[in-house]
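Enquirer: Each protein sequence line maps, in turn, to chains R and W.
Sequential numbering of the first sequence, starting at 1, is according to this note's numbering.
Sequential numbering of the second sequence, starting at 1, is according to this note's numbering.
Just so you know, the hints here were simulated from the structure itself, not pulled from any lab data.
The structure displayed is predicted, hence computed values, not measured ones.
Built from N, CA and C at the ideal position, the CB exists for glycine as well.
Hints may be right or wrong, so weigh each one.
Here are the simulated DSSO-like cross-link-like pairs (lysine-lysine), alpha carbons at most 30 angstroms apart as the crow flies [unchecked claim]:
hint: 1; chain 1: W; residue 1: Lys140; chain 2: R; residue 2: Lys265
hint: 2; chain 1: R; residue 1: Lys17; chain 2: R; residue 2: Lys28
hint: 3; chain 1: R; residue 1: Lys277; chain 2: W; residue 2: Lys57
hint: 4; chain 1: R; residue 1: Lys171; chain 2: R; residue 2: Lys277
hint: 5; chain 1: W; residue 1: Lys139; chain 2: W; residue 2: Lys57
hint: 6; chain 1: R; residue 1: Lys171; chain 2: W; residue 2: Lys140
hint: 7; chain 1: W; residue 1: Lys139; chain 2: W; residue 2: Lys42
hint: 8; chain 1: R; residue 1: Lys265; chain 2: W; residue 2: Lys42
hint: 9; chain 1: W; residue 1: Lys47; chain 2: W; residue 2: Lys57
hint: 10; chain 1: W; residue 1: Lys57; chain 2: W; residue 2: Lys140
hint: 11; chain 1: W; residue 1: Lys47; chain 2: W; residue 2: Lys139
hint: 12; chain 1: R; residue 1: Lys171; chain 2: W; residue 2: Lys139
hint: 13; chain 1: R; residue 1: Lys171; chain 2: W; residue 2: Lys42
hint: 14; chain 1: R; residue 1: Lys4; chain 2: R; residue 2: Lys17
hint: 15; chain 1: R; residue 1: Lys330; chain 2: R; residue 2: Lys28
hint: 16; chain 1: R; residue 1: Lys27; chain 2: R; residue 2: Lys17
hint: 17; chain 1: W; residue 1: Lys57; chain 2: R; residue 2: Lys171
hint: 18; chain 1: W; residue 1: Lys57; chain 2: W; residue 2: Lys42
hint: 19; chain 1: W; residue 1: Lys47; chain 2: R; residue 2: Lys17
Listed next, the stretches of chain W that the computed footprint assigns to chain R, with coverage defined by at least 3 CB atoms under 8 angstroms from CB atoms of chain R [what the hints assert, rightly or not]:
hint: 20; region: 25 to 32
hint: 21; region: 116 to 123
hint: 22; region: 126 to 133
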Amino acid sequence: MGPKTAGLLAFFDERFKIGALLKLAGKKTVPEHRHAFWYFFGGIALFLTVLQIATGILLLLYYVPTVDAAHESIVFIMSQVKFGWLIRSVHSWTANILIGVLFVHMFSTFFLKAYRRPRELTWVSGFLLFVLFLALGFSGYLLPWSELSFFATRVGTNIAGGFPVIGPALKQFILGGPTIGQSTLTRFFWLHVAVLPLAALALIGIHVLLVQILGMSRPVSLADRPARDIPFFPDFIYKDVLGWTLILILIGILCVFLPWEIGRKADPFASTPVGIKPEWYFTFMFSTLKIIPSHVLSIEGETLAILGFFAGGLLWLLVPFLDRRAAREKPSPSFTVIGIILSLYIAVMTVLTYTVPRL
Amino acid sequence: MTRRSVLNVFLGGSLAATAAAFLYPVLRYLWPQGQQEAVQTKVVAAKTGELAPNSFKIFRFGDSPGILIDSPEGTLLAFTAVCTHLSCTVRYDSDSGTIYCPCHNGRFDLSGRVISGPPPAPLEEYVVESVGGDIVVSKKG
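Between the sequences and the hints, there should be enough to build the whole structure, so can you do that?
Expert: Written out as structure tokens, the structure is:
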């Protein structure tokens, strides 16, 4: 290192205390065990979020959030803008992969009971982040103003509208009017590029801060084995970066060989196309709504399903406070069974959506 | 009640009132601005002879879609095209002679009644008239 570089480093070190920060990072350790692989999904989710923000900012340069021009602007990005197809494909593929990674991250946290005391709020902030990312996916899906996204939004907002008491007002607030139109597109755009990302960034800050303060959890099942730790910096970070690189290569391959489709422009006065389905991460709810009878004990099936999803989500959020055995560092097989049933239900319903379209 | 607790109540109340004074305009601003659904009771849905037998057409009825069907028997029928389940736009399935909602596989007969699937209520049927060269659809009653 030359004297000029050393001088520059010393200048910044004096002001930002970089040396002290590196010293602190050097002290941080991460548990190393046979389940440690699952730790990496949190880092991958963070990396993909950064990728989404970067590509989203780039897309803002050409996207036009109006009913008349939104679809045309997507066609322009995909066909005229240099590498526009790549930026949009990265954004769309990453959105889907990110939700998949969040599913894995959340369920691995659940099965390893990493939510147990004192990490209850890490779980709560993580679950709220998951909901925010689903909302980001839902709001972003309408923006190209395509046929599929139009009807997916209509179904999605009607699900919100079916919620007892507050449903109609909630639906009107989301739509910005009585039907899906310019007001809806404007609101979804506002949510997708401003409100939800800011809320997500704030929650990510809290979530990551909690992980840093409390460290990573060691599974209950390994309590009787000797603890082994590895340094966070550089050992864990190197592995993290390897994971990010692999996922980036996967996204690159997907974008080159399967660029994201544009779809047909939405026509609010056309029949819903046959075989319509939402994005894959909503299909388990979509198929549930298909199979539920119109009435169950005089309650509308749709209302019952919506209440069921809400109650399920609420219970899932409160898991750390319900699993009293895990809080006492004891195995809680009943919660493991619940997790297995839930993940199987989601997997089976998702597969059925694609394999049995006339379910 | 101590002097301290009285002060706390006043201070807390002032803070709450200040927060409300800021929040109320923001919430009113966020609420959709008085857009009403276009009310229409009658519309020209098609031209006479436009529909082939056993086919259908989606037409605009106010802010919502309607469906005009030329049944296998040659009768013109019209309904709201908004499925009573989750508001997808229905279509006519000429193979089975039923009205079908592709979103959640709801199926209605040509009277609008639910045959199968999750829709909780029948489709609203409209009155169809032939006026001059136009097929006019209007709401009942």
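Enquirer: Quick one, are Lys47 of chain W and Lys139 of chain W close enough, alpha carbons at most 30 angstroms?
Expert: 18 angstroms, holds
Enquirer: Has the given pair, Lys4 of chain R with Lys17 of chain R, been kept, meaning a C-alpha gap of at most 30 angstroms?
Expert: 19 angstroms, holds
Enquirer: Mind checking the alpha carbons of Lys47 of chain W and Lys17 of chain R for me, to see if they're no more than 30 angstroms apart?
Expert: Cα-Cα ~79 angstroms, so violated.
Enquirer: Holds or violated: Lys140 of chain W with Lys265 of chain R, Cα cutoff 30 angstroms?
Expert: Violated: Lys140 of chain W and Lys265 of chain R sit about 33 angstroms apart, past 30 angstroms.
Enquirer: Holds or violated: are the alpha carbons of Lys57 of chain W and Lys140 of chain W at most 30 angstroms from each other?
Expert: 20 angstroms, holds
Enquirer: Against chain R, does the region 116 to 123 of chain W show at least 3 residues with beta-carbon separation below 8 angstroms?
Expert: holds (count 4)
Enquirer: If you look at each residue in the region 25 to 32 of chain W, do at least three have a Cβ nearer than 8 angstroms to any Cβ of chain R?
Expert: With 3 residues closer than 8 angstroms to chain R, the region 25 to 32 of chain W meets the three-residue bar; holds.
Enquirer: Taking only the CA atoms, is the gap from Lys265 of chain R to Lys42 of chain W under or equal to 30 angstroms?
Expert: The hint holds at about 28 angstroms.
Enquirer: Verify the proposed pairing of Lys277 of chain R with Lys57 of chain W, using a straight-line Cα cut of 30 angstroms.
Expert: 23 angstroms, holds
Enquirer: Between Lys57 of chain W and Lys171 of chain R, is the straight-line Cα distance small enough, at 30 angstroms or below?
Expert: Holds. Lys57 of chain W to Lys171 of chain R sits at ~28 angstroms (cutoff 30 angstroms).
Enquirer: Are the Cα atoms of Lys57 of chain W and Lys42 of chain W separated by 30 angstroms or less?
Expert: Measuring from Cα to Cα gives roughly 16 angstroms; hence the hint holds.
Enquirer: Does the structure keep Lys47 of chain W and Lys57 of chain W at a Cα separation of 30 angstroms or less?
Expert: With Cα atoms ~11 angstroms apart, Lys47 of chain W and Lys57 of chain W stay inside 30 angstroms; holds.
In this structure, the hints that do not hold are numbers 1, 19, 22, in rising order.
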